[in-house]
Each structure stands twice: as structure tokens, then as C-alpha cells.
Amino acid sequence: MPELPEVEVTRRSFADRIAGARIASLELGKPLRWPLGCDPASLVGQRVLAVRRRGKYLLLDLEHGLLLLHLGMSGSVMFSAHLGPAGKHDHFSLHTSQGVLRLNDPRRFGAVVFAPNEHSPQAQKLLGKLGVEPLGEDFVLDGFVRALKQRKAPIKQVLLSGDTVVGVGNIYASEALFLAGIRPTTRAVRLSRARVARLHDAIRSVLARAVEQGGSTLRDFSNAQGESGHFQLEAAVYGRAGLPCRVCSTLVRTIRQGQRSTFFCPACQKP
DNA sequence: CACGGATCCTGATGGC
DNA sequence: TGCCATCAGGATCCGT
0 MPELPEVEVT RRSFADRIAG ARIASLELGK PLRWPLGCDP ASLVGQRVLA VRRRGKYLLL
60 DLEHGLLLLH LGMSGSVMFS AHLGPAGKHD HFSLHTSQGV LRLNDPRRFG AVVFAPNEHS
120 PQAQKLLGKL GVEPLGEDFV LDGFVRALKQ RKAPIKQVLL SGDTVVGVGN IYASEALFLA
180 GIRPTTRAVR LSRARVARLH DAIRSVLARA VEQGGSTLRD FSNAQGESGH FQLEAAVYGR
240 AGLPCRVCST LVRTIRQGQR STFFCPACQK P
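Note that numbering that gives the first Met the number 0 has the first sequence beginning at 0, numbered continuously upward.
Some hints could be false.
[Claimed, not checked] Per label pair, the in silico range of CB-to-CB distance:
(1) E26 - G127: 26 to 32 Å
(2) G83 - R186: 39 to 45 Å
(3) V139 - G238: 27 to 33 Å
[As the list claims (entries may be wrong)] Below, computed lysine-lysine pairings styled on DSS-like, alpha-carbon distance capped at 27 Å:
(4) K269 - K148
(5) K148 - K29
(6) K128 - K148
Hints in this document: simulated from the structure, not taken from any laboratory.
Quick reminder that beta carbons are idealized off the backbone N, C-alpha and C, glycines included.
Please take these sequences and the hints and turn them into a complete structure.
Below, the structure is given as C-alpha cells:
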């Protein structure tokens, strides 16, 4: 469920508080998507140096190696000095000198994976095929145009696949395409440079605004301090099937693409 | 090799 | 403590 903005908001909400903390113990619940990939005892005594983000992954830099954390569809992270005992869906807890970092994930599509370093096979298996960061300076129009020219799939699915640009999930894909005036079913290769330019802007602005607002688009999202977003960013089309478009009042439609729901305004968004 | 479908898992919701 | 189908913010694997 968490897309780039929610992961970034989560990161910011605990990165400074966990930096420098020494790992005291680990507590594992049910299996997540992948095994941890190391002996939990080998992490004890190490310091957490920093928390970075790559796509929808949180990267916890340790003195020797890093932990890659993914929230999957239903994951959320809490970091607090005063966390009670692990609950039913708490499947990973890192007890440190500065608090407990805990991953709650009912569906267990998330993961915590150890890698000896960022370029190791373990890390590259997860990070190696990721596209560019949409909010970074590498997300340039020329590169985006070139990448999309090679893709025959519908633009919505290209955005979701994350190998061209990362971080755009099911909600923000619909929102960005609405902002850009592009029908989600349009094949990427068919988009003119001008329309790709609109999409490039739309992706950046929709994600940047969501980060500023604290991940507010998601109904039940809260950061690692348990604070919710401000709910000031209302979805233009996502979840609004049958309701009037906020721009032209045409009824918003929903379709299925690759077993995911897509929402769009048939009038504002051209094929 | 790009594409599209099946798949992992649990919970919420709504119809009957 | 009703049962069943559908849907949910992700991403990998596999057959074509």
C-alpha cells in the first residue's frame, strides 16, 4: 500500500531518531516474503548508521552491511522507545539502544533482507532492476521519452512496473495520468514527446506534494511516530468510480489492468 | 525479451 | 461466530 511518498514519510519520521542506535536484539514473527538472509545474532551489537530510501525500499545502513525493508501492500513501520509486546501482525522487531523499530504487516508481502553491501548479489537482486528516482535529478525528460519509446504495454502498467521510474504505485499512477490528461490504456510507445513531458511533470508534482502532505492520500497511513497525514490531498480519480470528475463532471470510470484497478476520466484523459 | 497472468497472505466489506 | 465472493497501497515468477 505504501507508495513512494508513504515510504519517504516513514523514513523521515524515524531516520534521525534511530541514527547511531546500537542493536540489542531481534524479534521475528511469521515469515515475510523472503528470509532475512543472515543469522540474526550477527546483527546484535552493530550500530544503525543511517536510513535511506530507494524506490519503495528503506535501507538501514549498519556498520557491516544493510537491511532492506519493504512494506509490501499492508506494511507499516513504528519506531518508539515505548513499544509494547509484539502483536499478531508484528513480524520484525529491532530492539536498539534508542528504541524499537517494528514492522507490522498483516498480509506479509513485505520483507526485511540483510545484504553485506549495496552492490552484493543479495542487494542487487532486489534493487538491481529499479528505474530512476522520480524526485531525483536523474529523472530527466529525454531519458523518460527514450525509455517509454521502447514499451508497447499500456502506460499505466509501465509506470507500475517500476523498471523505468520507481515509486509510482496503483494510486499515484492513476492520479499522475489524470494530471497529465493521458488515458491509462494508451500504449507507452504511442505517447508524443509533449505528452510524456506532461506526464513527467505530473509524476514529480503528485509525488512531491504527497510527501509534503505526509502521505495524506492513503486513508489509514501513519508514519513511524503514529501520526497520520493531513488528508488535504484528495484523490482526483482514484477510488472515485461513478463520481463526477472534479474538473469536468464527467463520471469517473474504473477498469482492470493486470489485476489492478485503474481510475480515469474518459473526457479529460485522451487515448 | 517484453508482456500478461497467476501467485503469495490476511482482513474488510457487502450480498445472499 | 453464517458463508461466499470480491477487493485491497506490491512485485516476482513463469509461460509465451
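To see whether the hints hold, each was checked on the structure:
1. E26 - G127: 26 to 32 Å: holds, 30 Å
2. G83 - R186: 39 to 45 Å: This hint is violated: roughly 51 Å between Cβ atoms.
3. V139 - G238: 27 to 33 Å: holds, 32 Å
4. K269 - K148: Distance ~18 Å between K269 and K148 Cα, so the pair holds.
5. K148 - K29: violated, 43 Å
6. K128 - K148: At roughly 18 Å apart (the allowed maximum being 27 Å), K148 and K128 satisfy the hint.
Taken one by one, the earlier hints fail for this structure at numbers 2 and 5, listed in ascending order.
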